[in-house]
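So you can see what is in the structure, the chains are spelled out below.
Protein chains: 2
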Amino acid sequence: MDKGKTDHIVSAYDQELAELSSMILRMGGLAEAQLASAIKAITTRDGELAERVVAADAKVDALEAEVDEHATRMLALRQPMAVDLRAIVAGLKLSADLERIADYAKNIAKRSLALNQNPTLPAVHAVPRIGGLAQRMISDVLDAYARRDVPMAIEVWHRDEDVDQLYNSLFRELLTYMMEDARTITSGTHLMFVAKNIERVGDLATNMAETIYFLIEGKTLEERRPKGDDTSSYAGPDQG
Amino acid sequence: MDKGKTDHIVSAYDQELAELSSMILRMGGLAEAQLASAIKAITTRDGELAERVVAADAKVDALEAEVDEHATRMLALRQPMAVDLRAIVAGLKLSADLERIADYAKNIAKRSLALNQNPTLPAVHAVPRIGGLAQRMISDVLDAYARRDVPMAIEVWHRDEDVDQLYNSLFRELLTYMMEDARTITSGTHLMFVAKNIERVGDLATNMAETIYFLIEGKTLEERRPKGDDTSSYAGPDQG
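So the sequences go chain by chain: A and B. Mapped onto our numbering, the consecutive letters of the first sequence carry residue numbers 1 to 240. Mapped onto our numbering, the consecutive letters of the second sequence carry residue numbers 1 to 240.
Keep in mind the hints are simulated off the structure, nothing from the lab. Hints may be right or wrong, so weigh each one.
The list treats identical chains as one, so a pair stands whether inside a single copy or across any two.
[As the list claims (entries may be wrong)] Within a straight-line C-alpha distance of at most 30 Å, the following computed DSS-like cross-link-like pairs (lysine-lysine) qualify:
(1) Lys196 / Lys40
(2) Lys59 / Lys40
(3) Lys196 / Lys59
(4) Lys59 / Lys219
Let the hints inform the model, and build the full structure from the sequences given.
This is the structure in structure tokens:
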């Protein structure tokens, strides 16, 4: 066998896999920035920033399409096995999750525009706290992916509980405001959806941690994921 | 070449592809039934039915894991090209979407339990209407998949607008109730999230229609998807 040629083939293949990782990381950086900007648009009531977030979502969508195409081409042209196959399938899943994260950021930005039309609710101060947690989950899960770092992926996976706890307390706080003063209902509702969007970003970062674990270890994270949103069964303070 | 052997290989391969379709359709049937039951649990205030929906979600998750495994094995063992490769990648996407649909059904079922603890709001009557639309989208998109029916996939894709319109009007109706009577705020909030979950089911059925189109045609649905949730920019009737 022509050793030189084999090396050449292997290295082109490795390069394609590295390119897939780079695309995911670039997409992840963008999704993380979108979330950060959307949250900033809420706290600073910056409508222009919100508009920029809404407009930039198309870039994330385009990157997802690129990842899909690149991954599908690799599946067709290389006959990937074992860890390489997992890396490609993981790439498809991670890019789908990142696209959804950016979509939630866009929705938060849109709601910030509506929030700007009403007075600020005090509860808005909880948004950067819960948003910051979710943002760090994305950032760290991307690091775990870049370094193929299993302990870090597991650590991020556990952090979803903190986001869920903050979400639950913010939800209750908003409900209380809305009951006390009907003028806060519209803004309160928007903030509830903002909080829910952030809570879902946390879920998606958790999904990504599971995908990364599977990519590296070749088996699923066995532990059951803690389910944190208990507001769906919250009957409200008007109950006995 | 041993023709008999080739036939044998091809037919095993086709059988694996058919099995993938069957798994997706079974999963789809279950997700559709879960949504129907969740909506029925809301209108009939049937707590036991809601509990059954919550419990049955694990079955959908298990089916998704099976699809993932089956599809990944096919990618590894066969070297699928063109339409076969698209069928496998589409299978992965469709099962992810169906898993999310079932997840929304579970969330609706959970919220029905909370709704049962407060008096019924009149707006609840809109839930089976919007829910029925979303359910028929799932049902028809699965038919389009089973029959590889492009016009039907496109038709479902367009129907997302109807769901979005109903969602927007229900959202406004709920907001009005909540402002008029603070005792309706808790239930109103839960119904808003129920409506939002159904609206997202419509989005997912639309996603599925796009995936099916791509699977059959080998190119993306060019038309821009109509974006229908405009409640995120709704400043409320308290605005001038």
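Checked hints:
In this assembly of identical chains, Lys196 and Lys40 lie within 30 Å of each other by CA distance both inside one copy and across copies; the values are 17 Å within and 25 Å between. For the homomeric pair Lys59 and Lys40, the shortest alpha-carbon distance inside one copy (20 Å) is at most 30 Å, but the shortest distance between copies (40 Å) is not. Within a single copy, Lys196 and Lys59 get their C-alpha atoms as close as 24 Å, and across copies as close as 25 Å, so both meet the 30 Å cut-off. Taking CA atoms no more than 30 Å apart as the test, Lys59 paired with Lys219 passes between copies only; the shortest distance there is 20 Å, against 33 Å inside one copy.
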